[in-house]
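Asker: The whole structure should be built from the sequences, with the hints applied where relevant.
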Amino acid sequence: MFPYGPDCLYEDLRVTGDKVTNDRRFFGRTGELLYLMLCRSGRGEEILSRLENTGIITHNYSGNHRGSKWNQIVLALQSPIDRSTPRTSGSPPYLPYEKLPEYERLADDWLSTLDCALPDYDALPHVVTITGLHLIIYLLNRAKATLGESIPPRFVLEIVAPKKTTVRELASDEYQKNNSLPQRAIEHYIRNTADLPEWQVCLNSYNPTEDVIDLLQGRFAWFAKEDESDGSGSPGDLLNSLREKAVKRHQQHLAKFHGSWSREIGLSSSRSSRRTRYAPTDSLLRTLVLASVPVRMEFQEFLAKLYEKYGFVIGDRQAADLIDSGEADREDFVANAERLERRLVSIGLLKRLSDACAYVQNPFASEVN
Numbered sequence: 001m002f003p004y005g006p007d008c009l010y011e012d013l014r015v016t017g018d019k020v021t022n023d024r025r026f027f028g029r030t031g032e033l034l035y036l037m038l039c040r041s042g043r044g045e046e047i048l049s050r051l052e053n054t055g056i057i058t059h060n061y062s063g064n065h066r067g068s069k070w071n072q073i074v075l076a077l078q079s080p081i082d083r084s085t086p087r088t089s090g091s092p093p094y095l096p097y098e099k100l101p102e103y104e105r106l107a108d109d110w111l112s113t114l115d116c117a118l119p120d121y122d123a124l125p126h127v128v129t130i131t132g133l134h135l136i137i138y139l140l141n142r143a144k145a146t147l148g149e150s151i152p153p154r155f156v157l158e159i160v161a162p163k164k165t166t167v168r169e170l171a172s173d174e175y176q177k178n179n180s181l182p183q184r185a186i187e188h189y190i191r192n193t194a195d196l197p198e199w200q201v202c203l204n205s206y207n208p209t210e211d212v213i214d215l216l217q218g219r220f221a222w223f224a225k226e227d228e229s230d231g232s233g234s235p236g237d238l239l240n241s242l243r244e245k246a247v248k249r250h251q252q253h254l255a256k257f258h259g260s261w262s263r264e265i266g267l268s269s270s271r272s273s274r275r276t277r278y279a280p281t282d283s284l285l286r287t288l289v290l291a292s293v294p295v296r297m298e299f300q301e302f303l304a305k306l307y308e309k310y311g312f313v314i315g316d317r318q319a320a321d322l323i324d325s326g327e328a329d330r331e332d333f334v335a336n337a338e339r340l341e342r343r344l345v346s347i348g349l350l351k352r353l354s355d356a357c358a359y360v361q362n363p364f365a366s367e368v369n
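This note's numbering puts the last residue of the sequence shown at 369; the count rises by one with no breaks.
The hints are simulated quantities; they were obtained by calculation from the structure and are not laboratory data.
Once the Cα atoms are required to be at most 30 Å apart in a straight line, the calculated DSSO-like pairs of lysine-lysine come out as: (1) Lys351 with Lys309; (2) Lys99 with Lys177; (3) Lys164 with Lys351; (4) Lys245 with Lys144; (5) Lys351 with Lys305; (6) Lys309 with Lys256; (7) Lys256 with Lys164; (8) Lys177 with Lys245; (9) Lys305 with Lys99; (10) Lys309 with Lys144; (11) Lys164 with Lys177; (12) Lys305 with Lys256; (13) Lys248 with Lys144; (14) Lys245 with Lys256; (15) Lys309 with Lys177; (16) Lys164 with Lys305; (17) Lys99 with Lys309; (18) Lys177 with Lys144; (19) Lys245 with Lys19; (20) Lys256 with Lys177; (21) Lys351 with Lys163; (22) Lys19 with Lys248; (23) Lys177 with Lys163; (24) Lys163 with Lys256; (25) Lys256 with Lys19; (26) Lys144 with Lys305; (27) Lys99 with Lys256; (28) Lys144 with Lys99; (29) Lys177 with Lys248; (30) Lys256 with Lys144; (31) Lys305 with Lys177; (32) Lys163 with Lys305; (33) Lys164 with Lys309.
Answerer: So, in structure tokens, the structure goes:
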């Protein structure tokens with residue numbers, strides 16, 4: 001249901017036969033973790049003000065004032081809801097980090113997009129797209145932090161060319177590298193258990209297998225004793241069994257996150273290729289302009305800003321390390337940037353002036369309105 005207002009927000013449920021339970025898997029459709037991220041960004045009041053200005057939400061639930069006319073239509077189709085009674089069933093969402101730079105960057109892009117002079121709800125699809133991008137970056141950053149890597153994730157973007165290019169190969173390689181990050185992080189985290197002092201204590205105990213099972217149960221909530229195949233064996237075998245089961249479950253759920261979401265927001269594509277690679281759609285490019293260009297911006301400055309904010313490698317300046325290492329020629333990325341320039345011209349987001357300077361322009365900037 002499109003969120004026309006507060007009466008369009010529902011709790012996500014799983015219905016199995018006659019049993020109904022809360023569905024609290026990773027980033028479920030209710031967006032509770034996203035809500036917590038925005039609340040912890042320090043921009044909560046500003047975002048609330050922008051959403052109220054669009055008519056999406058309202059604090060006033062008295063009388064007949066219930067937000068927009070679309071929200072009132074949805075409300076008329078529902079049975080009365082007693083909002084004064086707090087919910088007591090279900091478990092609350094859990095977000096382990098109190099403060100992260102990713103929360104602030106996400107909120108800043110929300111504000112930039114909502115500040116654009118777009119009519120009514122037209123800003124919401126762009127908010128959805130930029131949110132998807134930030135959640136992908138959040139996932140990859142958390143994986144890198146677990147692996148002990150301080151360099152943020154990088155996205156080599158191919159602006160689709162008629163023929164296969166070096167940039168396409170690099171974009172595919174970078175996609176595969178990022179796609180494997182969460183699984184690498186899970187395996188690394190589990191293997192590191194063997195380096196803990198508690199592990200050594202278990203190995204030196206009278207009954208190491210039982211003590212290791214208790215340790216893994218406390219650290220990972222893994223009940224090895226409930227699985228006959230895991231209830232015996234050496235401590236090393238138990239740790240390997242846990243790792244294999246964790247990877248198997250990961251591949252059924254969270255492993256699909258990067259690939260599915262990058263495709264849905266228009267960040268990745270397999271068009272004209274058997275391999276998936278980062279190749280932005282026109283829709284994503286529009287969203288990036290709304291979120292990153294306040295009025296207008298010189299083209300090279302725009303490329304630099306995309307690299308700084310999201311790790312997007314498009315032009316030769318952002319690909320300096322790839323060029324220096326011999327993985328690509330400077331001309332490959334110069335041509336890639338030129339293709340982006342032509343794409344932006346074709347969708348009305350770039351103008352080249354008589355002095356040969358190209359400027360990316362935000363046609364919905366509030367100052368212009």
